[in-house]
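Q: All chains should be built: construct the whole structure from the sequences, respecting the hints.
Number of protein chains: 10
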Amino acid sequence: MPTQPPTRELQTFPNPKPERDYEIRFECPEFTCLCPKTGQPDFATIRIRYTPDQRCVELKSLKLYLWSFRDEGAFHEAVTNEILDDLVAATQPRAMVVEGDFYVRGGIHTVVEARHSRQ
Amino acid sequence: MPTQPPTRELQTFPNPKPERDYEIRFECPEFTCLCPKTGQPDFATIRIRYTPDQRCVELKSLKLYLWSFRDEGAFHEAVTNEILDDLVAATQPRAMVVEGDFYVRGGIHTVVEARHSRQ
Amino acid sequence: MPTQPPTRELQTFPNPKPERDYEIRFECPEFTCLCPKTGQPDFATIRIRYTPDQRCVELKSLKLYLWSFRDEGAFHEAVTNEILDDLVAATQPRAMVVEGDFYVRGGIHTVVEARHSRQ
Amino acid sequence: MPTQPPTRELQTFPNPKPERDYEIRFECPEFTCLCPKTGQPDFATIRIRYTPDQRCVELKSLKLYLWSFRDEGAFHEAVTNEILDDLVAATQPRAMVVEGDFYVRGGIHTVVEARHSRQ
Amino acid sequence: MPTQPPTRELQTFPNPKPERDYEIRFECPEFTCLCPKTGQPDFATIRIRYTPDQRCVELKSLKLYLWSFRDEGAFHEAVTNEILDDLVAATQPRAMVVEGDFYVRGGIHTVVEARHSRQ
Amino acid sequence: MPTQPPTRELQTFPNPKPERDYEIRFECPEFTCLCPKTGQPDFATIRIRYTPDQRCVELKSLKLYLWSFRDEGAFHEAVTNEILDDLVAATQPRAMVVEGDFYVRGGIHTVVEARHSRQ
Amino acid sequence: MPTQPPTRELQTFPNPKPERDYEIRFECPEFTCLCPKTGQPDFATIRIRYTPDQRCVELKSLKLYLWSFRDEGAFHEAVTNEILDDLVAATQPRAMVVEGDFYVRGGIHTVVEARHSRQ
Amino acid sequence: MPTQPPTRELQTFPNPKPERDYEIRFECPEFTCLCPKTGQPDFATIRIRYTPDQRCVELKSLKLYLWSFRDEGAFHEAVTNEILDDLVAATQPRAMVVEGDFYVRGGIHTVVEARHSRQ
Amino acid sequence: MPTQPPTRELQTFPNPKPERDYEIRFECPEFTCLCPKTGQPDFATIRIRYTPDQRCVELKSLKLYLWSFRDEGAFHEAVTNEILDDLVAATQPRAMVVEGDFYVRGGIHTVVEARHSRQ
Amino acid sequence: MPTQPPTRELQTFPNPKPERDYEIRFECPEFTCLCPKTGQPDFATIRIRYTPDQRCVELKSLKLYLWSFRDEGAFHEAVTNEILDDLVAATQPRAMVVEGDFYVRGGIHTVVEARHSRQ
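Chains A, B, C, D, E, F, G, H, I and J, in that order, give the protein sequences.
Going by numbering that gives the first Met the number 0, the first sequence opens with residue 0, and the numbers climb by one from there.
Going by numbering that gives the first Met the number 0, the second sequence opens with residue 0, and the numbers climb by one from there.
Going by numbering that gives the first Met the number 0, the third sequence opens with residue 0, and the numbers climb by one from there.
Going by numbering that gives the first Met the number 0, the fourth sequence opens with residue 0, and the numbers climb by one from there.
Going by numbering that gives the first Met the number 0, the fifth sequence opens with residue 0, and the numbers climb by one from there.
Going by numbering that gives the first Met the number 0, the sixth sequence opens with residue 0, and the numbers climb by one from there.
Going by numbering that gives the first Met the number 0, the seventh sequence opens with residue 0, and the numbers climb by one from there.
Going by numbering that gives the first Met the number 0, the eighth sequence opens with residue 0, and the numbers climb by one from there.
Going by numbering that gives the first Met the number 0, the ninth sequence opens with residue 0, and the numbers climb by one from there.
Going by numbering that gives the first Met the number 0, the tenth sequence opens with residue 0, and the numbers climb by one from there.
Because the hints were derived from the structure by calculation, they are not lab data.
Ideal Cβ positions, reconstructed from N, Cα and C, are used throughout, including at glycine.
Each hint should be verified, as a subset may be incorrect.
Estimated spans, in silico, between C-beta atoms of each pair [said to hold, decoys possible]:
| no. | chain 1 | residue 1 | chain 2 | residue 2 | range |
| --- | --- | --- | --- | --- | --- |
| 1 | G | Tyr102 | A | Phe74 | 55 to 63 Å |
| 2 | C | Glu8 | D | Thr50 | 44 to 52 Å |
| 3 | H | Arg19 | J | Pro40 | 55 to 63 Å |
| 4 | A | Asp52 | B | Arg7 | 27 to 35 Å |
| 5 | J | Ser116 | F | Gln53 | 17 to 25 Å |
| 6 | D | Val96 | G | Gln53 | 36 to 44 Å |
| 7 | I | Val110 | H | Gln53 | 37 to 45 Å |
| 8 | G | Arg19 | F | Ala88 | 54 to 62 Å |
| 9 | D | Pro17 | F | Gln91 | 43 to 51 Å |
| 10 | E | Val87 | G | Arg114 | 43 to 51 Å |
| 11 | D | Val103 | A | Glu112 | 44 to 52 Å |
| 12 | G | Tyr102 | J | Phe12 | 33 to 41 Å |
Facing chain B, from chain A, some residues (calculated, C-beta under 10 Å) [what the hints assert, rightly or not]:
| no. | residue |
| --- | --- |
| 13 | Pro15 |
| 14 | Glu22 |
| 15 | Phe42 |
Quick list of in silico lysine to any residue cross-link-like pairs, SDA-like style, CA-CA up to 20 Å [to be verified]:
| no. | chain 1 | residue 1 | chain 2 | residue 2 |
| --- | --- | --- | --- | --- |
| 16 | D | Lys59 | D | Thr11 |
| 17 | F | Lys59 | J | Gly72 |
| 18 | E | Lys36 | C | Gln39 |
| 19 | B | Lys36 | B | Val87 |
| 20 | H | Lys36 | J | Lys59 |
| 21 | D | Lys16 | E | Pro15 |
| 22 | C | Lys36 | C | Gly72 |
| 23 | C | Lys62 | D | Pro40 |
| 24 | I | Lys62 | H | Gln39 |
| 25 | G | Lys16 | D | Arg114 |
| 26 | B | Lys16 | C | Val110 |
A: Structure (structure tokens):
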């Protein structure tokens, strides 16, 4: 049984319709990482919404990318922005929103939403 | 028993009321195609909304058209845009939206929404 | 037992309050006509919403009017626009919307919505 | 366009698993007949539930059978029992229930439910 | 891209706890086969519930098994019983229920439910 | 940051009221393990219901115990029974039910429910 | 304009299937009578459920019968039992239930339910 | 304006159908009394369900009876039982249930339910 | 037991953040007064929403204030406006809305909504 | 400002109707205590249901009693049973159920339900 999570590398493919503005939405309820302070697991649903430009993110690589956080320590705010940064770097979208919706910790339910718009 | 899916040809008929802007909406929960990477089946609900100009798409031919993807490999983003392109080519509508709402793959639920407006 | 559907004639009566803009809404779930291609029965809910001007449509005549489609062949788009045209001709309303919400055929659910506004 | 409803004949096929008791359920929201007193259309949802013995009712013939009532005058109680009788005669099931759920007439909503069990 | 559906072979593995009666439930909304009369696609949700004895059905092989019906003609009643028969043959369960919940055809929604109990 | 999941050891404490039959229910939506075939992550909600005898399971140790599966390969059926076995071994309850409710894999949603009753 | 409500006479017709026990249900939300103390209007929904023997109640006559209470003073308890008595007298059913569900009066919502079973 | 609440006297009338067992249900959301400790107002919904014998409770007198508690101090448990006792004394029913459903006090929501069956 | 309702006097306290516009909302389902015509009790839910200026209304005094209507005769429209007037006089808010939502009387459900904005 | 919670003493009063079996239900969403391991606050809804014998628990004293746990360390299982024990000791009821429904801790939602029946 393989036990190493994959490297954090997002595959893309050419946008099949770059001359059109259209929207792609992903909902990923199977996200988990570790609390950087205690090392204990955190869980979240990650929601992604974007308008591609020249590249689209490939679905399987997105799954592997999200999986790659499984053994990483990450603050809620940082990891949501990091996912946005990585997806922006990989696909250079016209616009993108990432929302991290985290399970209750210490009696508090946290949602972080970050947006990118191209200049 | 016939086993060959029909050719991908959209029938149209003259818009019975071209002098009026009105809206036609279809919801098609019985869409399936193949993953171009693995050859495994994908499933989706296709939603179409349009304002016809001179031609309307004929319902039975739309059913056959959607059926024609059954043995085709198709990325989510490409197939949604392709359906929009084919419907636009066939009917030259005043406006049209196609939404592909795909079943979970790799723990991720994907929706692609593409719009066309006439210049 | 009478078996002939009534003639397609809409009765109206004077708007009791023409100096005021107000809205009248009908929902008619008992609409059936025939598919012009196969002769098989189609079923729909017809929704009508209008702001009367000098004339209102009389309820019983509306029932008979909708009944008159029972043995007629009619495309979804055409019949929805035809109902709107007939109601507009009979009542000359300030505004009117007709929505035909048809049962699933070939795995596809169709809704046609047509609007009329007075110039 | 064909305008004659089909003859009232139920097709059956051999039960593919007669050695097993199992249940088949149909819901048919597209039923219409005529009021035997006034000739006006009636509408209903017909629900059928049965355990087949040696024969199953074929789906397309069931559709045509229900269609055949379109131009018939029929009391609610009679038509529900007639459908049960015809289905029992055609399939000789181990058990069967037919429910006719009729639209409001005269401000009254009527449901008729009839059961058959084999002696 | 592979285009051949897999062979219809159910893999099993030893029940990890045969000395205990426990229940396994699957819901599979991605089932499609062909109408044996017209060759047109049918769609269904398949629900399976069983108490294993010495063998459990392996999840990936169940997916491939259900996929294998994609190009097969199959009546609703027959295919539901066939799935039950194949699963019973492969796992010899203490008890099993299979429910096939099919999309509307000809205006009729069909559900078939078959049960197996060990003598 | 600690990165090693804890050892799989359930802490218990004396039942504060062993002379009384009462029920304790846990719902744990934050369970993840690995697929023993592919090494990919699986996710589930684990539900536990039991009547303690002399020992109760301690909540924090239950959290750590469930966490300990994070890097383990485990079939759905096996892991649900294993959790039941471990909890039974640790607490010797009068009765216990464990339900594993797993996320969709291969288009299939799986639930495993196992019960223990003391002889 | 006629102002006299119809006479209180229930029409029946022969049960089309007296050799079978089956059930007929009516829901009549348009019932109104007068408070015998104050003469003010009362409103109710009347629900009727019965298994006919040799006679069924005719729907239009039931509508007229219920209408006939419009100018009658009637206590909630009395009118519900009276409707049951009249329907029993007219149809001699195998079993019947009548429920009167009255609108709020004096801040109090009242429901009266009466049953008849044949000896 | 009259300001004196009415005396606590329940009017009854002869059961119009004593030879039949039937049920009468009241829901009275407009009940208020005073806390016997602090003199502050309490509010409740009173629900009554009974099978009358020779006498029925008259609706207006029930309203006045419930009103009569407006300026009375009353514990939740006592007032619910008192209402049951008074209704039983007045009507000698075959069976009766009274439920007092009180608004939150001190952060606690209280419901008292008392039943009477005739020996 | 004290039986006198308190005097109608609203206590206030200094707004802790007068330099900011913010909103305070109260929902008070335990309001009762008397009908000025019949002396019979009326019941309502009172909803209050305001933006304080220099003073906030004190919660316990609000409870006592609302209680003070218990033995007062008050028309629905008058009492809603009177509550708004008293609260405005006591707190001089930047904006305030009072809604009186009264129980059904004579088959009619009444809501009165009054607003105050500072010039 | 007083900072000491009240002593843990339940007041009772004589059951106003001991000759009758009836039920009293409390729902108390405002319960908080401390985790005995970490000293952090826990929150729960406490639900109580009982049939009194000679004594009823007084509502205000119940509020103070529940408040008294605010600064106490208490395991979920122990505190639920302790509340049941104290209420049983104070009122000697014919039957009683106490349910402690605790907020999520460590990703786990816990409910403890304990029952007492008189021998």
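Q: All the hints need checking, so say for each whether the structure fits it.
A: Hint check results:
1. G:Tyr102 / A:Phe74: 55 to 63 Å: 59 Å, holds
2. C:Glu8 / D:Thr50: 44 to 52 Å: 50 Å, holds
3. H:Arg19 / J:Pro40: 55 to 63 Å: Holds: the Cβ-Cβ distance is about 59 Å, inside 55 to 63 Å.
4. A:Asp52 / B:Arg7: 27 to 35 Å: 29 Å Cβ-Cβ, so the 27 to 35 Å window holds.
5. J:Ser116 / F:Gln53: 17 to 25 Å: Once the Cβ atoms are compared, 22 Å apart, the range 17 to 25 Å for Gln53 of chain F and Ser116 of chain J holds.
6. D:Val96 / G:Gln53: 36 to 44 Å: 23 Å, violated
7. I:Val110 / H:Gln53: 37 to 45 Å: 43 Å, holds
8. G:Arg19 / F:Ala88: 54 to 62 Å: 59 Å, holds
9. D:Pro17 / F:Gln91: 43 to 51 Å: Hint holds: Cβ distance 50 Å, inside 43 to 51 Å.
10. E:Val87 / G:Arg114: 43 to 51 Å: 46 Å, holds
11. D:Val103 / A:Glu112: 44 to 52 Å: 48 Å, holds
12. G:Tyr102 / J:Phe12: 33 to 41 Å: Given a distance of about 39 Å, which is inside 33 to 41 Å, the answer is holds.
13. Pro15: 4 Å, holds
14. Glu22: 5 Å, holds
15. Phe42: 13 Å, violated
16. D:Lys59 / D:Thr11: OK: Lys59 of chain D and Thr11 of chain D at ~10 Å, within 20 Å.
17. F:Lys59 / J:Gly72: Holds. Lys59 of chain F to Gly72 of chain J sits at ~15 Å (cutoff 20 Å).
18. E:Lys36 / C:Gln39: Roughly 19 Å between the alpha carbons, so the hint for Lys36 of chain E and Gln39 of chain C holds.
19. B:Lys36 / B:Val87: Given that 20 Å is the threshold and the Cα spacing comes to 28 Å, the pair is violated.
20. H:Lys36 / J:Lys59: 10 Å, holds
21. D:Lys16 / E:Pro15: 32 Å, violated
22. C:Lys36 / C:Gly72: At roughly 8 Å apart (the allowed maximum being 20 Å), Gly72 of chain C and Lys36 of chain C satisfy the hint.
23. C:Lys62 / D:Pro40: Given pair Lys62 of chain C, Pro40 of chain D holds - Cα atoms ~10 Å apart, limit 20 Å.
24. I:Lys62 / H:Gln39: 10 Å, holds
25. G:Lys16 / D:Arg114: With a Cα-Cα distance of about 11 Å, the restraint between Lys16 of chain G and Arg114 of chain D holds, given a limit of 20 Å.
26. B:Lys16 / C:Val110: 16 Å, holds
This entry does not satisfy hints 6, 15, 19, 21, going by the numbered hints stated previously.
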